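Read off the chains here:
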Amino acid sequence: MTKLTNRSYTYYFLLPAGIIYFVFFLLPTIMSFFFSMTWWTLTDWKFIGLENFITFLTEPSLNIGFKNTIIYAIVTCSLKVILGLLLGVFLSQKLKTIGFVRSMVFFPTLLSTIAVGMAFAMMMHPTQGLINTSLKIVGIAGPDWLGDTTIALLSVALVDVWKGVGMATVIFIAGIMSIPEDYYEALAIDGGNSFHKFWNIIVPLSRPAMNSVIILAFIGGLRSFDLVWAMTKGGPGFSTDLIASIIYKQYQGGFYGLSTAGNVILFIVVSALAFPLYAFLNKKEVDL
Amino acid sequence: MKAKKKIFAVLSSAALFAGIMAGCSSNSDSASGDKDEDSGQVTLTILVDNQTNLDGMKAVTDAIEEKYDIKTEYELRPGGGEGDNLVKTRLATGDMTDLMAYNSGSLFQALNPEKNFLDITDEAFVETIMDDAKDALSSNGKVYGIPSTSFMAGGWFYNKKIYEELGLSVPKTWVELMANNEKIKEAGKTAVIGSYKDSWTAQVIVLADNYNVLQQHPNFADDFTGNKAKIADTPGALRSFEKLAEVFDAGYLNEDFLATGYEAGLKMLAEGQGAHYPMLSFALPMLEANYSEELDNIGFFPQPGESADENGVTVWVPGGIYINKNTEHAEEAKKWVEFFVSQEGIDLHNSKIKPQGPPAVKGVELSDDVYGAVKDMLPFFESGKTAPALEFLSPVKGPNLPQIAVEVGSGISKAKDGAELYDKDVEKQAKQLGLEGW
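Protein chains in written order, with the numbering used here: chain H, 1 to 288; chain C, 1 to 438.
Each hint should be verified, as a subset may be incorrect.
[As the list claims (entries may be wrong)] Straight-line alpha carbon distances no greater than 25 Å define the calculated PhoX-like cross-link-like pairs of lysine-lysine that follow:
1) H:Lys67 / C:Lys424
2) C:Lys325 / H:Lys46
3) C:Lys325 / C:Lys335
[Claimed, not checked] The following residues of chain H were derived to be distant from chain C, with all beta-carbon distances above 10 Å:
4) Gly18
5) Thr55
6) Met124
7) Gln128
8) Asp144
9) Leu146
10) Thr149
11) Lys233
12) Gly234
13) Lys249
14) Leu281
[As the list claims (entries may be wrong)] Okay, the calculated beta carbon distance ranges per label pair:
15) C:Thr93 / H:Lys67: 27 to 35 Å
16) H:Ala141 / C:Gly261: 43 to 51 Å
17) C:Glu176 / H:Leu110: 29 to 37 Å
18) H:Phe47 / C:Thr93: 55 to 63 Å
19) C:Tyr74 / H:Leu110: 51 to 59 Å
Worth flagging that the hints you see were computed from the coordinates, not collected in a lab. Small disclaimer: the values here were computed from a predicted structure and weren't measured. The beta-carbon is built from N, C-alpha and C at its ideal position, and this holds for glycine as well.
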């Protein structure tokens, strides 16, 4: 019997990539599930069951991260979607300076997160920072953006939005550009105005783009670390600690088992939130 | 994220492993060239961490080479936890250098000194080491190391100009200190500089209170280590947290203390924008580098306790230099360490790096150009009114103290709640490290 298709390449070509994937991804992942249940000093370990997980979930300095992370993910995700969509609509018009404005919106995405964090931390200084000194000129006493525990997390989230909205906008522009002209023509014949155009055509038909933005921004928010670390290091106290920054601090403290347990928890949290969200969003997509 | 972290973990252990291998090879190289047959010169190897400024040590080893014909070869290692792992691995594999510079206190005692280091208890020069330092360089009553630098002290730096201007005198009790603060505040100046943006600076008031804690509870360090005493239930220890809270509650801190960092704090102290800055004396070289003209206006007093009779200073014990038990050059190594703690050795060291506190060796005279703040510390050392910081007496130290101190010191949480949270943090650390009794 002859083969229907003639494979030109052997499967052995997959081996190098497969080995790398196994050694650097699968193996450590499996190991981390084991070490999350131990006291681990890198050279020595002792099995202790679920104690690390219990510690992580019960200690206030550790579990504050869950609340903060969810708030952070929801705030950054929703703002990126709303602002990204509006900017996307604006920037898919035929303007003379469109190239310049688009690059301006996208520019923050290109910057190093650490540099952005440090720059904003300086600008948000309560007495000498650019933001509050500017507000003072118009007679407003600005808050202590990063020192006031009630707003510090939101301040960091806003910087995240500033930095990430460019990427969301680009995805939205691509989505809006792919909507066929026919729909707009039909709308014009029916005598619809620009609000109808936005609400009845652009929003439903750029759904795939919106779903990508929601998923990317939400997962990005859940596992965010670098910006918080650059701006507040989780402070003041623990008020801006996210799960990822807490894990990092446990690792710094030499609690390798505990920090691995934190990673496993983060993995579970991200999966438990992202997969259902993804399934839900996919159901709502319509064909063009 | 998870995948990335894992990859990073594997890569970093690979890098660490490569580092260890590199360490092995460089050591075997030096071992083969150990003795120069012609001149009879001996080469000692020493392992130091790469965070230390070696100018002082090199001045001493140059003199040792000239005097005893003993050459010193430096090997660098990383600091922090990574360095700890490297030291432990090299000790375990019998691959340690002849001499080793490392922390003193509990970190050193965790290295199994009986097995790894040469007992120098009976050497004459050991007698000259100050007791606080000697204890931290000992294990089970045997001395294994010499102090590598001078002491550091933790307490309150103050601006002498402001004190003169307002006619204040150095406080001997906490009540006097708070009264001074009130007067400074009334004069429209910042009484206490807070730089809690760098959260480690917020711990100083708690850590530098250990002398006062031990006055009230002499066994606190042991009980704390053995899980028999909690900070929140020990009035004297809880007092340290209360002091931190009082400074905030009374409004003595600068307005933007949560956005002010360590370097800005030093600037405020030097330029007289703030009167007090609770800090460790390692700040002195930086003050000298940036504000050398103001340096004479900066004084020091220990964090005061309840009574003026019990006024003493909490000290940070210097790291040690230890001799490898399996070295082939034990006699030369002993000569090396003896010279290092002699007046001549310390003078040479201090000529390159100004001491940040009183010397850890008895009878050593300091030169006149020593920092004024260090001179303020000397009387306490001469009268023996010193106690090491808790971290030198106990291996138990929770990693979240900086954040908890910021919470207590900025009114986010009460002193008692902060102390309880820290007790839990400590429990977590003790369990993770597998300490006895937890």
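Verify the proposed pairing of H:Lys67 with C:Lys424, using a straight-line Cα cut of 25 Å. Answer holds: H:Lys67 to C:Lys424 is near 20 Å, not above 25 Å.
Evaluate the condition: distance from the CB of H:Lys249 to the nearest CB of chain C exceeds 10 Å. The claim is violated: H:Lys249 sits with its nearest Cβ about 7 Å from chain C, within 10 Å.
In terms of Cβ atoms, is chain C entirely out of 10 Å range of H:Gln128? Given that some Cβ of chain C is not farther than 10 Å from that of H:Gln128, nearest at about 8 Å, it is violated.
H:Ala141 paired with C:Gly261, Cβ distance criterion 43 to 51 Å: violated, 23 Å
Between H:Phe47 and C:Thr93, does the C-beta distance stay in 55 to 63 Å? violated, 26 Å
Please settle this one: H:Leu281 was flagged as non-interface, so is its CB more than 10 Å from every CB on chain C? holds, 21 Å
Checking a non-interface call: every C-beta of chain C should be farther than 10 Å from the C-beta of H:Thr55. Is that right? Check fails; 6 Å does not lie beyond 10 Å.
Against chain C, does H:Gly18 hold up as non-interface, every C-beta pair farther apart than 10 Å? Holds, since 16 Å exceeds 10 Å.
Please settle this one: H:Leu146 was flagged as non-interface, so is its CB more than 10 Å from every CB on chain C? Nearest chain C Cβ is 7 Å from H:Leu146, so the label is violated.
Against chain C, does H:Gly234 hold up as non-interface, every C-beta pair farther apart than 10 Å? Given that some Cβ of chain C is not farther than 10 Å from that of H:Gly234, nearest at about 7 Å, it is violated.
Examine each Cβ of chain C, and state whether all of them lie more than 10 Å from the Cβ of H:Asp144. violated, 7 Å
Is the hinted range of 29 to 37 Å satisfied by the C-beta distance from C:Glu176 to H:Leu110? violated, 57 Å
The structure fails to meet hints 2, 5, 6, 7, 8, 9, 10, 11, 12, 13, 15, 16, 17, 18 and 19 from the earlier list, while all remaining hints are met.
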